[in-house]
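Undergrad: Now for the letters of each chain:
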Amino acid sequence: MTRKLTYGQAFNEAVRQAMAADDDIFCAGEDIGAFGGVFQTYAGLQAEFGERRVVDTPISEQAIIGLGVGAAASGLRPIVDIMFMDFLCVAFDQIVNQAAKIKYMFGGAATIPLTITTGGGAGLSAAAQHSQSLEALLCHIPGLKVVQPSNPYDAKGLMTACIREDNPTIMVLHKRLLGMQGEVPEDAYEIPLGKANILREGADVTVVGWGRMANEALDAAEKLAADGIDVEVIDPRTLQPFDTATVVESVRKTNRVVVVHEAVRFGGLGGEIAAQIQEEAFDYLDAPVARIAAPFSPVPFSPVLEQIYLPSADDIEAGIRGVLARPGV
Amino acid sequence: MATEFIMPKLGLTMEEGTITEWFADDGDTVTAGAAVMRIETDKTETDVEAAASGRLHRLGQVGDTFACGELIGWFLADGEDAPGAAAPAAAVAAPAAATPTATTAPTAAPAIATVGRIVASPMAKRLATERNIDLRLVRGTGPGGRIVSEDLEGVTATPAPAPAAARPTVAPGVGVPATAAARQLADLLGVDLNQVSPDPAELRVTKEAVALHVRRLLGGAAEGAALEPTTSPASPVLLPATQEPTSVVRMTGIRGTIARRMHESLAQMAQLTLFMDADLDAVVADRDARKRVGPAPSYTDYIIAAAARALREHPLVNSQITDEGVALLPTVHVGMAVALDNGLIVPVIRDTTGLDLNALSVETSRLAGAARSGSLELPDLEGGTFSVSTLGMFGVDGFTPVINPPNTAILGVGRLRDDVVVGKKDKASTTKRLTLSLTWDHRAFDGAPAAAFCQTIVALLGDPDTLDATN
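Order-wise, the sequence lines are chains A and B.
Under the working numbering, the first residue of the first sequence carries the number 1, and numbering increases by one thereafter.
Under the working numbering, the first residue of the second sequence carries the number 1001, and numbering increases by one thereafter.
Check before you lean on any hint, since a few could be wrong.
Among chain B residues calculated to face chain A with C-beta under 7 Å, some are [stated by the list, open to error]:
no.	residue
1	Ser1121
2	Pro1122
3	Met1123
4	Arg1126
5	Gly1140
6	Thr1141
7	Gly1142
8	Pro1143
9	Val1148
10	Ser1149
It should be emphasised that the hints constitute simulated quantities derived from the structure, not laboratory data.
We put the CB at the ideal spot given by N, CA and C, even for glycine.
Use the sequences and the hints to build the structure in full.
TA: Next comes the structure, spelled out in structure tokens:
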């Protein structure tokens, strides 16, 4: 029943199945039609559904999102693609002041079932303007839902949920995970938004990480298992709304936490998550909540520097050992 | 045979000492009688000698403060180890009540002496509360010695200590809404916050509510007398510095003592100050005459001598307020304020009226020198009945000195200046003059006797020969 697909293919299949099931769904974005998208995430869709439902747009991010907001307000269910997450900034007025606000400002009379898809993350030597992880900016805006899958199964299930969601969602695909293979069911399925996934159960320390960092955390956990350190890895899957309950429940069990993200440390979601943990599980902590994140710097273009810049399994391992440290033993 | 090394009590009023220097390293062999460390008390710095010969095992670090009688180390024989479990006994026990309860600390927990804040994770603190474990008896294995939850594995509940021996791990009434000051006071007095009625306005237990509760408990029997020491003004809530300070002068040792005693003095007494001019032409002439033949007393010496003799004539001023009333003290011991780099110290000229001017001058020089070199002995600092404080050398005429408890008065001395006086037939002349500032406790005596006392000083200064008369 399951077969292996890449992360990108799994995303593509979610869009295809949703479009086949619902004629109100259409896609728009730069080069997603004839070319199938710069990362081939929309490959074959225009051939299957035609130019009216898979639209190549001019290079104008504001116009792309504005098109989606207007279409959504008028009853359609648009999927609009912004090639790089960095470019969301160009269309921030449409995202923050329009898409996120309309339902509230019209007292619920208008809904915006809009899905914005984009590619985030570093690791391709794509330099400072094509490599950022800006999820914290988006999660700060009431009215937006933000997801980032860490594997092919989640990519399909979360994308399906985003399309079916009646409020604006932003699906952030991690560029370095596009080729990741994994088992994906053929039938359409939905992973509920706002629910975290315990990727690996453990008793000694909880690591919270999403996107590529969830996989780095799993690698670190495997390595530490050889030393008898039992790591629990939680992928929140949805960053807004954040599933605090699952994280807190885990912390109450393990008493130690490391939060990992690829975004810069200052003002990153790690600070918010750490604050929520101390609010709800202060009396269960044996160590301060540790954060592993990128330094406060633009993403370097140099591949060598970029590798140093990005948090890795080794960094996570060191962070875990830090919160577990008991030099007095 | 291990010998305890305890914080000595070097004077009647000494309550605690802070280690400022160790002269011997941990493990050094010392001989009985040799100075092994220097301590700072609220009054002075002094060296402490080894009580026995042996290998020194130190439990205190420089900067640590110990109550008198508290264990600060051991003198050990060769090959002997410091008795482990006894260490926290002294550290835990209150200064007054060293009880053997804590020596029966659970052997499962390798006890260490814990002074001050216990560093434990929130998780460990919660477990300790639930399982009634005294965290002072648990060794922390986390970073910096932090006690973490694993350190409590296998540790059994701490037996409840004898009521007087030590505070319980968890103060009763932990869940009761209360101010921090109320908790501190309740903790100090052993009051269960559950029993205290909360302040109706604040909807939580306040310090005042605890005090009211205790007063009710004491009822008429004790008349609140036992409460007196604890109802002293509580530390005010201090705001953080409005700027990043370039440095912070710690309020410990002498600084802390001055701060506490001066604040208590003003809070507890009815202090007020009068000013009176004294003409010193006769003193200046007397001093010039003495200078021609040898060393002469300072102007301050003349004023101390005059004040001491005036105190004999006005016994109300040489007094102390006690539970029984205003106690008149038969002997005059005048304290003289000496400014130090880090504060102020008031050595005492014993039996001041027993000294003529020259003897007084020798004694004040000795005390001032010893004060500045830090070599005052504790007897030099105790028993003052009155104080003289001079700011004249800074150009000050009058000020409002603060009484040095338990005295009831203090005399401030201003600058010696030339004043123009208008005599008979409007003839102008100059006179050497200074202003005396007398602060007194209005509870002990009133303005008229205070002024009369000053008039006597002024009169004595007008006739310096009287200042050589001894008892």
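Undergrad: State for each hint whether it applies.
TA: Now for the hints, and whether the structure bears them out:
1. Hint status for Ser1121/B relative to chain A: holds, with the closest Cβ pair at about 4 Å, below 7 Å.
2. At about 5 Å, the closest approach between the beta carbon of Pro1122/B and any beta carbon in chain A falls short of 7 Å, and the interface hint on this residue holds.
3. Given the 7 Å rule on beta carbons, the hint for Met1123/B holds: about 5 Å separates it from the nearest Cβ of chain A.
4. For Arg1126/B, the shortest C-beta to C-beta distance to chain A is roughly 4 Å, which falls under 7 Å, so the interface hint holds.
5. Against a cut-off of 7 Å between C-beta atoms, the interface hint on Gly1140/B holds, since the closest Cβ of chain A lies about 6 Å away.
6. Contact between Thr1141/B and chain A, as hinted, is supported at the beta carbon level, the nearest pair being about 3 Å apart and thus within 7 Å.
7. Checking Gly1142/B against chain A: minimum C-beta separation of about 5 Å stays under 7 Å; hint holds.
8. The beta carbon of Pro1143/B is positioned within 7 Å of a beta carbon in chain A (closest approach about 6 Å), and the interface hint is therefore held.
9. Look at Val1148/B: its Cβ gets to within about 4 Å of chain A, closer than 7 Å, so that hint holds up.
10. The closest approach between the C-beta of Ser1149/B and any C-beta of chain A is roughly 5 Å, which is under the 7 Å cut-off, so the hint is satisfied.
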